[in-house]
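Enquirer: Read off the chains here:
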Amino acid sequence: MKQSLSLALLLALSLAPSARAANEADYKAAYAAAEAASKEAAGMRNQWTVTVSALAAAKKAADGGDFDRAVAAAREAEALAKASIFQAVSEKETWKAMEIR
Amino acid sequence: MKTRVHLLLGSLGAALIAFALASPRVIAADKVDPVADAKAFQNFFFQKFPNVKHEDFVNGPYSMNEDMKRQWQEKEEFPPYEFALDAGKEMFATPFKNGKTYADCFPNGGIGIRQNYPYFDTKEGKVITLELALNRCREANGEAPYSYVKDEMASLTAYMAYTSRGKLMDIKIPDDPRALAAFENGKRYFYTRRGQMNFSCASCHVQSPGERIRAETLAPALGILNAMPIYRSEWSGMGTTSRRFVTCNSQTRAVPLEPQSDEYRDVEYFLSYVANGLPISGPGARP
Chain Y
1 MKQSLSLALL
11 LALSLAPSAR
21 AANEADYKAA
31 YAAAEAASKE
41 AAGMRNQWTV
51 TVSALAAAKK
61 AADGGDFDRA
71 VAAAREAEAL
81 AKASIFQAVS
91 EKETWKAMEI
101 R
Chain B
1 MKTRVHLLLG
11 SLGAALIAFA
21 LASPRVIAAD
31 KVDPVADAKA
41 FQNFFFQKFP
51 NVKHEDFVNG
61 PYSMNEDMKR
71 QWQEKEEFPP
81 YEFALDAGKE
91 MFATPFKNGK
101 TYADCFPNGG
111 IGIRQNYPYF
121 DTKEGKVITL
131 ELALNRCREA
141 NGEAPYSYVK
151 DEMASLTAYM
161 AYTSRGKLMD
171 IKIPDDPRAL
181 AAFENGKRYF
191 YTRRGQMNFS
201 CASCHVQSPG
211 ERIRAETLAP
221 ALGILNAMPI
231 YRSEWSGMGT
241 TSRRFVTCNS
251 QTRAVPLEPQ
261 SDEYRDVEYF
271 LSYVANGLPI
281 SGPGARP
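Chains as they are written, first to last, in UniProt numbering: chain Y, 1 to 101; chain B, 1 to 287.
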């Protein structure tokens, strides 16, 4: 019995950090990273509409105090922005593969 | 050991020969050659669709599908762009506040000149589209510019296209490195994938003309601008070339550029040049 209790406690403690609710500081950090990547993509003339929407969703969720959702949306925006940057960089040369010659 | 050395030398020799044969092609491919590009572009479509008359490519999806073509021909008896055409004719003839008209801004009074747009302005070093020239004409005469994607601009260009119907697209590329750069930039834009969907203009209009994307039959890229502006049932209204580029970008989930941005002007230059010799058919009607 004692052993199961200790195991349960250990399990609960190990899960605790990941289950912690996001706070405003988490959101601000995630949003800043997403915004920086988004600006880089826009500077390359390769912004995606879905990045803009995810950034807007993050801000809306944060304004409503839902920082879990805000952080998730900001991270999604950052991932999308980074994908668009990758696309812009790789297309600098790979567009030629599609050219009619 | 000797065999190994012979093998090595043999491979090296073969590699050198291959490199020597391949390198001129690489250099040629990197050189901007609009004439060769246009020839290759047209041949691609002529060979892909041997049963389509060359001058029919300007009719977009109707050149790809007989049923659609018959429906369109019937619609042409009372075309949906007619209101815009009438409005454009009236606007074109109505003097500005200073008494001048659009006719004062264009060669031949603006009649029958659509096939020469866009052109490369060697003074400015940039591509000038018909839409841009119209707004510059307005501004030079003290009038506010029109939106590039809305009705007034579509009406004016509809009328100007109508007066040019049947004339063959005749875009010039002057002997100017900036003009060649604009052509190349337009080509790059046309083939570059963008948006979350990872589509380029060519993904739909080179790789898949005649195929369906949801309910729409895709138009071939060859002559795609000869029919502009168009009435689109999907828009329930008229749309300019600018509007077409903007919506194409949005559909791939790319944030559109500003209408008449350098990229859009250059891609219009590229697409129009490779359609040289095909007739103007605008204004058009599309599903």
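No wet-lab data here; the hints were simulated from the structure.
These numbers were taken from a predicted model, which means no experiment stands behind them.
Even glycine gets a Cβ: it sits at the ideal position worked out from N, Cα and C.
Certain hints may be false.
Listed next, the stretches of chain B that the computed footprint assigns to chain Y, with coverage defined by at least 3 CB atoms under 8 Å from CB atoms of chain Y [to be verified]:
| no. | segment |
| --- | --- |
| 1 | 124-131 |
| 2 | 192-200 |
With a Cα cut of at most 20 Å, we get these calculated DMTMM-like pairs of lysine to aspartate or glutamate [to be verified]:
| no. | chain 1 | residue 1 | chain 2 | residue 2 |
| --- | --- | --- | --- | --- |
| 3 | Y | Lys92 | B | Glu76 |
| 4 | B | Lys150 | B | Asp104 |
| 5 | Y | Lys59 | Y | Glu76 |
| 6 | Y | Lys96 | B | Asp37 |
| 7 | Y | Lys96 | B | Asp86 |
| 8 | B | Lys39 | Y | Glu99 |
| 9 | Y | Lys28 | Y | Asp63 |
| 10 | Y | Lys39 | Y | Glu76 |
| 11 | Y | Lys96 | B | Asp33 |
| 12 | B | Lys31 | Y | Glu93 |
| 13 | B | Lys89 | B | Glu76 |
| 14 | B | Lys39 | B | Glu152 |
| 15 | Y | Lys39 | B | Glu258 |
| 16 | B | Lys48 | Y | Glu35 |
| 17 | B | Lys123 | B | Asp262 |
| 18 | Y | Lys92 | B | Asp170 |
| 19 | B | Lys97 | B | Glu152 |
| 20 | B | Lys89 | B | Asp104 |
| 21 | B | Lys126 | B | Glu234 |
| 22 | B | Lys150 | B | Asp37 |
| 23 | B | Lys69 | B | Glu184 |
| 24 | B | Lys172 | B | Asp86 |
| 25 | B | Lys75 | B | Asp86 |
| 26 | Y | Lys60 | Y | Glu99 |
| 27 | B | Lys123 | B | Asp175 |
| 28 | B | Lys31 | B | Glu184 |
| 29 | Y | Lys82 | Y | Glu93 |
| 30 | Y | Lys28 | Y | Glu76 |
| 31 | Y | Lys60 | Y | Glu76 |
| 32 | B | Lys31 | Y | Glu99 |
| 33 | Y | Lys96 | B | Asp104 |
| 34 | Y | Lys92 | B | Glu263 |
| 35 | B | Lys126 | B | Glu76 |
| 36 | Y | Lys82 | Y | Glu40 |
| 37 | B | Lys126 | B | Glu258 |
| 38 | Y | Lys92 | Y | Glu40 |
Enquirer: If a hint holds in the structure, say so; if it doesn't, say that too.
Expert: Each hint tested on the structure:
Only residues whose beta carbon comes within less than 8 Å of a beta carbon in chain Y count, and the segment 124-131 of chain B has 0; fewer than three means the coverage is violated. Beta-carbon proximity to chain Y at under 8 Å applies to 7 residues in the segment 192-200 of chain B; the threshold of 3 is reached and the given coverage holds. A distance of roughly 43 Å separates the Cα atoms of Lys92(Y) and Glu76(B); the hinted pair therefore is violated under the 20 Å criterion. Under the criterion of a C-alpha separation no larger than 20 Å, the hint pairing Lys150(B) with Asp104(B) is inconsistent with the structure, at around 23 Å.
Distance check on the hinted pair: Lys59(Y) and Glu76(Y) sit about 13 Å apart at the alpha-carbon level, within 20 Å; holds. Simply put, Lys96(Y) and Asp37(B) have alpha-carbon atoms about 13 Å apart, close enough for the 20 Å limit, and the pair holds. With a CA separation close to 43 Å, the supplied pair Lys96(Y) and Asp86(B) exceeds the 20 Å bound. The hinted pair formed by Lys39(B) and Glu99(Y) meets the criterion: a straight-line CA distance of about 13 Å does not exceed 20 Å.
Between Lys28(Y) and Asp63(Y) the alpha-carbon distance is near 12 Å, which keeps this suggested pair within the 20 Å criterion. For the suggested pair Lys39(Y) and Glu76(Y), the alpha carbons sit about 15 Å apart, so the restraint of at most 20 Å is met. For the given pair, Lys96(Y) sits about 14 Å from Asp33(B) by alpha-carbon distance, which is consistent with the 20 Å threshold. A distance of roughly 15 Å separates the Cα atoms of Lys31(B) and Glu93(Y); the hinted pair therefore holds under the 20 Å criterion.
Our distance criterion of 20 Å between C-alpha atoms is met by Lys89(B) and Glu76(B), whose separation comes to about 19 Å. In summary, the hint linking Lys39(B) to Glu152(B) is not supported, as the alpha carbons are separated by about 35 Å, beyond the 20 Å threshold. Only pairs whose Cα atoms come within 20 Å are accepted, and Lys39(Y) paired with Glu258(B) is accepted, the gap being roughly 17 Å. Proximity of Lys48(B) to Glu35(Y) is assessed by CA-CA distance (about 45 Å); at most 20 Å being required, the pair is judged violated.
Note on Lys123(B) and Asp262(B): the hinted pairing holds, with a Cα-Cα distance of about 16 Å set against a maximum of 20 Å. For the hint pairing Lys92(Y) with Asp170(B), the CA-to-CA distance comes to about 30 Å; that exceeds 20 Å, so the pair is violated. Distance restraint check for Lys97(B) and Glu152(B): the Cα-Cα separation of roughly 17 Å lies within the 20 Å cut-off, and the hinted pair is therefore satisfied. In summary, the hint linking Lys89(B) to Asp104(B) is supported, as the alpha carbons are separated by about 15 Å, within the 20 Å threshold.
Taking the CA atoms of Lys126(B) and Glu234(B), the gap is near 33 Å; set against the 20 Å cutoff, the hint is violated. A C-alpha spacing of about 33 Å is found between Lys150(B) and Asp37(B), which places the hinted pair above 20 Å, so the restraint is violated. With a C-alpha separation of about 34 Å, the suggested pair Lys69(B) and Glu184(B) falls outside the 20 Å cut-off, and the hint is violated. For the suggested pair Lys172(B) and Asp86(B), the alpha carbons sit about 30 Å apart, so the restraint of at most 20 Å is broken.
For the proposed pair Lys75(B) and Asp86(B), the alpha carbon gap of about 17 Å is at most 20 Å, so the pair holds. For the hint pairing Lys60(Y) with Glu99(Y), the CA-to-CA distance comes to about 42 Å; that exceeds 20 Å, so the pair is violated. A C-alpha spacing of about 13 Å is found between Lys123(B) and Asp175(B), which places the hinted pair at or below 20 Å, so the restraint holds. Restraint check for Lys31(B) and Glu184(B): the C-alpha separation of about 10 Å stays at or below 20 Å, so the hint holds.
The hinted pair formed by Lys82(Y) and Glu93(Y) meets the criterion: a straight-line CA distance of about 18 Å does not exceed 20 Å. Taking the CA atoms of Lys28(Y) and Glu76(Y), the gap is near 14 Å; set against the 20 Å cutoff, the hint holds. Proposed proximity of Lys60(Y) and Glu76(Y) is supported: the alpha carbons are some 14 Å apart, at most 20 Å. Of the pairs offered as hints, the one joining Lys31(B) and Glu99(Y) holds, with about 14 Å between alpha carbons and a cut-off of 20 Å not exceeded.
As the CA atoms of Lys96(Y) and Asp104(B) are separated by approximately 42 Å, the hinted pair breaks the 20 Å bound. Taking the CA atoms of Lys92(Y) and Glu263(B), the gap is about 15 Å. The hint holds against a cut of 20 Å. Restraint check: the Cα-Cα separation between Lys126(B) and Glu76(B) comes to about 36 Å, which exceeds 20 Å; the hinted pair is violated. The hinted pair formed by Lys82(Y) and Glu40(Y) meets the criterion: a straight-line CA distance of about 9 Å does not exceed 20 Å.
Our distance criterion of 20 Å between C-alpha atoms is met by Lys126(B) and Glu258(B), whose separation comes to about 16 Å. Distance restraint check for Lys92(Y) and Glu40(Y): the Cα-Cα separation of roughly 16 Å lies within the 20 Å cut-off, and the hinted pair is therefore satisfied.
This entry does not satisfy hints 1, 3, 4, 7, 14, 16, 18, 21, 22, 23, 24, 26, 33, 35, going by the numbered hints stated previously.
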